[in-house]
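Using the sequences plus the hints, can you model the full thing?
Protein chains: 2
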Amino acid sequence: MSLAPKGLNVRPITGIPAVQPGDDVAELVLSALLASGETLQQGDVLVVAQKVVSKAEGAIVDLNTITPDDAALKMAETVQKDPRIVHVILGESVRVIRSVPGVLITETHHGFVCANAGVDTSNSLGNGMAILLPRDPDRSARDLQKHIAKKTGVSPSVIISDTFNRPWREGSTNVAIGTSGFVPLDDARGETDDSGEVLRATLVSVADEVASAAQLVMGETGGVPAAIVRGLKLSASNEGSKSLLRDPERDLFR
Amino acid sequence: MSLAPKGLNVRPITGIPAVQPGDDVAELVLSALLASGETLQQGDVLVVAQKVVSKAEGAIVDLNTITPDDAALKMAETVQKDPRIVHVILGESVRVIRSVPGVLITETHHGFVCANAGVDTSNSLGNGMAILLPRDPDRSARDLQKHIAKKTGVSPSVIISDTFNRPWREGSTNVAIGTSGFVPLDDARGETDDSGEVLRATLVSVADEVASAAQLVMGETGGVPAAIVRGLKLSASNEGSKSLLRDPERDLFR
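Residue numbers (the working numbering), protein chains in the order written: chain A, -8 to 245; chain B, -8 to 245.
Incorrect hints may have been included.
Unchecked claim - Examples of chain A residues lying across from chain B (beta carbon under 8 Å, computed):
no. : residue
1   : Gly(-2)
2   : Asn0
3   : Val1
4   : Arg157
5   : Val166
6   : Ser196
7   : Gln206
8   : Leu236
9   : Leu243
Stated by the list, open to error - Below, simulated DSS-like cross-link-like pairs (lysine-lysine); rule was C-alpha separation at most 27 Å, straight line:
no. : chain 1 : residue 1 : chain 2 : residue 2
10  : B       : Lys(-3)   : A       : Lys(-3)
11  : B       : Lys137    : B       : Lys233
12  : A       : Lys224    : B       : Lys(-3)
13  : A       : Lys224    : A       : Lys137
14  : B       : Lys137    : B       : Lys224
15  : B       : Lys(-3)   : B       : Lys224
16  : A       : Lys(-3)   : B       : Lys224
17  : B       : Lys233    : B       : Lys141
18  : A       : Lys141    : A       : Lys224
Don't read these hints as lab results, they were simulated from the structure. Predicted, not measured: the structure shown is a model, and the values here were computed from it. Think of the CB as a built atom: it goes at the ideal place given N, C-alpha and C, for glycine as much as any other residue.
Below you can see the structure in the form of structure tokens.
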């Protein structure tokens, strides 16, 4: 079953200014849409880059205020990174998955397994600042959906996205770290395929595929932090994105 | 830098009949496009599901002809699968990555790390048949591009795609197992971000993101095995998809 039988349209939302702590992301998105003559439609998925949500929520740490503890100092030697950054990363983590020179992969308090616990020092508010992932990206997505519905009467599904690296394959891909309004994991296991046989193990990460589609119009360098994906027939749900996290018990690579 | 500054359009190619060994995939795609009043445009990316390419190329094994060897019999006990299927999987593999009841993850002769070496017994030509990955998916993509260019004068980029599962996250996503015509890995490492800082480690798997976008209109059950992705500004290249394979030396999960 196709989720977009008539095709898909992915539009960049341009003209969103640099976000500051305390900013209202819903308002910034809607203003940018208004300025470009676009409107949200029922059924749209709004994809917003994690970075702008984190900045707006103030999920920012001034590295100059950080005194690395012993664990951070020791790990910093292993991974050859700034001990203050390592201290912040470990503070966001429940478990270290891999640590070798240049690489620190952890499991975050959210349950994400990713490099540096998603902590970003490349695209910061200024020198010496680190941007964390939002504390609760599902809540961020839900709030964004609610605020937009209140302001416009249209209630889009929302994805908060970030680019994660992967084992085995080069290059990052955009994934959904928070969702609101739809079922993120499409379960086709009951369906029959075109030879009439029942599909056995076909769970598709719709949310991650939508995030990846959006990334193609958003780019990496921060100028286009949001996109609209139009044409999907998604199942409505308030469940959030937790179903996208593989149960550690069923994970052979943790 | 956005790869699709004006947005992206993803269209399903409907009306492709069930593919048989020896079929000309280019011809089937073009006939389906003609019947639906669509045309390929310069700059389009044509995404075709691995299954139809494999079927057309005859990459099919009749399990009734397979006598599992000792290694297959032993592994079949471990993973609790049909020893004949395990024999086929091991024949496609250079290395076993993980084997536990219900799960057999290997590295294929192509260099892909995936479940069952990509061997598919769910959507087969009939009972007891297994579909392998194409022998050389880059060549399949290149041939498809060439044949279409010859027939139409338009030379689309081509992706042969398959859905792979991942560690850490639930649900499969569609990835590019073969490419032709474009640079599959976008290297933004020289660019500066919106605060003027140089990006350090931003390689984006454009090919996998395009495959994922296409999957949303293609679905899982085989009825729509191809899609057109329109609006991307990709760098032309004949390099194929090998750059998407992480060097085992740089892989901490193999």
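Taking the hints in turn, this is what the structure says about them:
no.: 1; hint: Gly(-2); verdict: 4 Å, holds
no.: 2; hint: Asn0; verdict: 6 Å, holds
no.: 3; hint: Val1; verdict: 4 Å, holds
no.: 4; hint: Arg157; verdict: 6 Å, holds
no.: 5; hint: Val166; verdict: 7 Å, holds
no.: 6; hint: Ser196; verdict: 3 Å, holds
no.: 7; hint: Gln206; verdict: 6 Å, holds
no.: 8; hint: Leu236; verdict: 7 Å, holds
no.: 9; hint: Leu243; verdict: 5 Å, holds
no.: 10; hint: Lys(-3)(B) x Lys(-3)(A); verdict: 20 Å, holds
no.: 11; hint: Lys137(B) x Lys233(B); verdict: 19 Å, holds
no.: 12; hint: Lys224(A) x Lys(-3)(B); verdict: 23 Å, holds
no.: 13; hint: Lys224(A) x Lys137(A); verdict: 20 Å, holds
no.: 14; hint: Lys137(B) x Lys224(B); verdict: 20 Å, holds
no.: 15; hint: Lys(-3)(B) x Lys224(B); verdict: 10 Å, holds
no.: 16; hint: Lys(-3)(A) x Lys224(B); verdict: 23 Å, holds
no.: 17; hint: Lys233(B) x Lys141(B); verdict: 25 Å, holds
no.: 18; hint: Lys141(A) x Lys224(A); verdict: 23 Å, holds
The earlier numbered hints are all upheld by this structure, with none contradicted.
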